[in-house]
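Position chain B against the provided structure of chain A, taking the given hints into account.
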Amino acid sequence: MTQPDFIQVRINGEPRRVAAGASIAALVAELGLDPARVAVERNLTIVPRSTLGDVTVADGDAFEIVHFVGGG
Amino acid sequence: MPETSSDTWQVAGRTFTSRLIVGTGKYKDFAQNAAAVEASGAEIVTVAVRRVNISDPSQPVLMDYIDPKKITYLPNTAGCFTGEEAIRTLRLAREAGGWDLVKLEVLGEARTLYPNMRETLIATEVLAKEGFLPMVYCADDPIAAKQLEDAGAVAIMPLGAPIGSGLGLQNQVMIRLIVEGASVPVLVDAGVGTASDAAVAMELGCDGVLMNTAIAEAKDPIRMARAMKLAVAAGREAYLAGRMQKRRYADPSSPLAGLI
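Which chain is which? The protein sequence lines are A and B, in order.
Counted the way the numbering used here counts, the first sequence spans residues 1 to 72.
Counted the way the numbering used here counts, the second sequence spans residues 1 to 260.
Okay, chain A solo, but in the shape it has when bound:
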């Protein structure tokens, strides 16, 4: 039995450990977020919602995950 490897990423400015090989879709699900209501930026580039399952999280990735809030 080998332990799953973990990698280090930043999500909304905060460091976080993620299982190596996880997709962004898996990451979003693990955070308890509804992918239909958020937008994901990875290293300053938008990741289209339709491809969240295809992109594998890499060590050192910086994510911004945003949604709509009240504002003027």
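Calculated directly from the structure, the hints in this document are not laboratory data.
Keep in mind that the hints are not guaranteed to be accurate.
[Claimed, not checked] Simulated coverage check for chain B against chain A, where a stretch passes if three residues somewhere in it have a Cβ under 8 Å from a Cβ of chain A: (1) 26 to 33; (2) 40 to 50; (3) 56 to 66; (4) 83 to 93.
[Stated by the list, open to error] Computed spacing ranges between beta-carbons, pair by pair: (5) B:Arg51 - A:Ala20: 40 to 50 Å; (6) B:Tyr114 - A:Gly60: 33 to 43 Å; (7) A:Pro35 - B:Ser55: 12 to 22 Å; (8) A:Val55 - B:Arg243: 58 to 68 Å.
Ideal placement from N, C-alpha and C gives every residue a C-beta, glycine not left out.
Just chain B now, kept in the frame of chain A:
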């Protein structure tokens, strides 16, 4: 009144009946916010784009209270001080919401929240090239307004007074000049404090008014939302009716003939 019900306006090919756009900030809670939107009759609300709270994702969110399928969400870049930040924010907004109609706002300084027009103009060009339909917060400058239009702005949104000030329209001459020169909708975007201010904007020929604080900071926001709905409708009707000419002196309304 059939004339009123058929009085619609269009922005970037989309047709709306309500000429009042309301913000969704500063409310006590989401329920009050939703009730105020309902009372205002608004079909468009502005929203901000912010990081999700990853430590507590189960918190209620705006979409639980204001349904984006019924009310058009207009993502706004409030809080952005450079064109680059604003563009980045709107790219995320387009991905989150899936639509291109957005509100661009690039601020120049925190004290006045006055727009940085140089950055605003550059960002408008970039957004238009990327297929966005930007409605643009801007200075009350008729020349800058035309430049924005040429750059691809689908609506011109000059301030009537500083954002959140509630001072009313301090620049009626300039707003009227912008309205006269524009071939896209003009909406007063900031400065409205009470119902008469909204009516003034509409009487000047604006296509609509956007406000947030005037409703959210009223003692009774829901009642003020209703007042704003009526004021916008009244101002629009007065504009369409065509006001009387002003006179320097009195002119009696009763006939002078037949006096006893």
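For each hint, the structure was consulted:
no., hint, result
1, 26 to 33, "holds (count 4)"
2, 40 to 50, "holds (count 5)"
3, 56 to 66, "holds (count 5)"
4, 83 to 93, "holds (count 4)"
5, B:Arg51 - A:Ala20: 40 to 50 Å, "violated, 25 Å"
6, B:Tyr114 - A:Gly60: 33 to 43 Å, "holds, 39 Å"
7, A:Pro35 - B:Ser55: 12 to 22 Å, "holds, 19 Å"
8, A:Val55 - B:Arg243: 58 to 68 Å, "holds, 60 Å"
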